[in-house]
Amino acid sequence: MIRVKNLHKSFGSNEVLKGIDFEVDNGEVIAVLGSSGSGKTTMLRCMSFLEKADQGEITFDEFHHDMVTISRRDIHKMRMHMGFVFQSFNLFANQTALENVTTGLTVARKIPKPQAQETAHEMLKKVGMEDRALYYPAQLSGGQQQRVAIARAIAANPRVVFFDEPTSALDPELTGEVLDVMKKLADEGTTMVIVTHEMQFARDVADKVVFMDGGSIIEQNGAKEFFESPQQERTLQFLRRSSKDYNYYI
Amino acid sequence: MDGRIFNLLVESFPKMLVPCLKMTIPLTLISFGCSLVIALVLALVQVAEIPGLKQLARLYIWIFRGTPQIVQLYIIFYGLPSIGVMIDALPASIIALSLNAGAYNAETLRASIQAIPKGQTEAGYLTGLNFLQIMRKIVLPQASRIAFPQLFNSLISLVKTSSLASSVTVIEMFSVAKKIAGITFEPFILYCEAAVIYLMVCTILTLVQDVCEKRLNIAWS
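Order-wise, the sequence lines are chains A and B.
Under our numbering, residues -12 to 237 are what the first sequence spells out, in order.
Under our numbering, residues 3 to 223 are what the second sequence spells out, in order.
Worth flagging that the hints you see were computed from the coordinates, not collected in a lab.
Given the structure is predicted, the values throughout are model-derived calculations rather than measurements.
In this text, a Cβ means the ideal position worked out from N, Cα and C, and glycines have one as well.
Treat the hints loosely; a few may be bogus.
[As the list claims (entries may be wrong)] Stretch-level coverage of chain A by chain B, calculated; a stretch enters the list once three of its residues show a Cβ under 8 Å from a Cβ in chain B: (1) 91 to 105; (2) 188 to 197.
[Said to hold, decoys possible] Each computed BS3-like pair below joins lysine-lysine, with the alpha-carbon atoms no more than 27 Å apart: (3) B:Lys139 x A:Lys64; (4) B:Lys181 x A:Lys64; (5) B:Lys17 x B:Lys120; (6) B:Lys139 x B:Lys120; (7) A:Lys39 x B:Lys181.
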């Protein structure tokens, strides 16, 4: 469904992505793990063209483009089939939860307002936010905002939804409500690419885990295999450090 | 108070108030409206980083902020006819005031747009919106609120700058004050009276600003 080939990206002299090959199949839930600075987020942002790649090709169903020379119009066409959930929610501050969800439908896709609102209510219900439809982002907690952001991302029925550390800005108490919604989407067969630090969630929900380090994909495997029998020394080291029962000394 | 001076004040008041209402205020409002259109275009061109146009916008702002308003007005009204462009006094004043205020308001708008978190624009793109849709539906409604006090500043400033139009033969409030002062030989009284009327107009505007800001602060939170 999505195939990225030889993706390179540098910020100044800092090479963040060193030739990434990445594939997502229809209906797959992929967790992208790795320590901070390993290039996970940059990979996601390049795939959604929030960052311009220095080199690379992307195939997304019927679309096939060079990621450097791709036109603005082609980017727009591909984005119409993508959803994106940000670490910092990025809800439109001047719009209610409902409007945040309908704007992409009415303005970008010219869907009549009543129909868009019906869809939006349905989406808000799915993320458990239908009773907050008329609240503004500033009136919602972080977890609630992120759930609205998820409703916005899935409203136009995208073929894939990217999640960029969706729970990293939330306190532990609010993390659960967002992960629950994501699990529900995964169970419904939504194709998802999730950059996350939530190991347990990756283990429970993901079909496949991709582990990145230093701008390269070090290892990718089925979730079960990845956690139970990591192949690379670096992966093992990462899992040990991130695991809950890892003992540390103060 | 001397009865003659009192009579002068009373008699000249309507003579100044009428051109204030008929000329100074419309001149200010029309120029301000035009300046907002200019400012919006200049700001968007810069935010969108359109090559060529962005540099042109910077050049425009550089010139209009860097030269005196009265020089700009003189170039348009007295200068342009010598290269064959004749513009009447009133349109020339509107053009000069709009172009100048446009340069300042453009900077206000640009800064306000840039104050809106970039993430909202990114989210807009990934929701399928294009640049202009993002600006219209998301960024400008928020930016205009930030820009509001500064834009209002510019409006109040324009009320007073509009008196420059008197120097290119427009009959507005200040030119009437000058005329009466010349006839009666009472410049102190007349110019003070003109100042008071300007102050009244600006006081009303300040009150309007307060009401508007209070309303703006209620929304979205």
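Hint-by-hint comparison with the structure:
no.	hint	verdict
1	91 to 105	holds (count 4)
2	188 to 197	violated (count 0)
3	B:Lys139 x A:Lys64	holds, 20 Å
4	B:Lys181 x A:Lys64	violated, 66 Å
5	B:Lys17 x B:Lys120	violated, 53 Å
6	B:Lys139 x B:Lys120	holds, 15 Å
7	A:Lys39 x B:Lys181	violated, 65 Å
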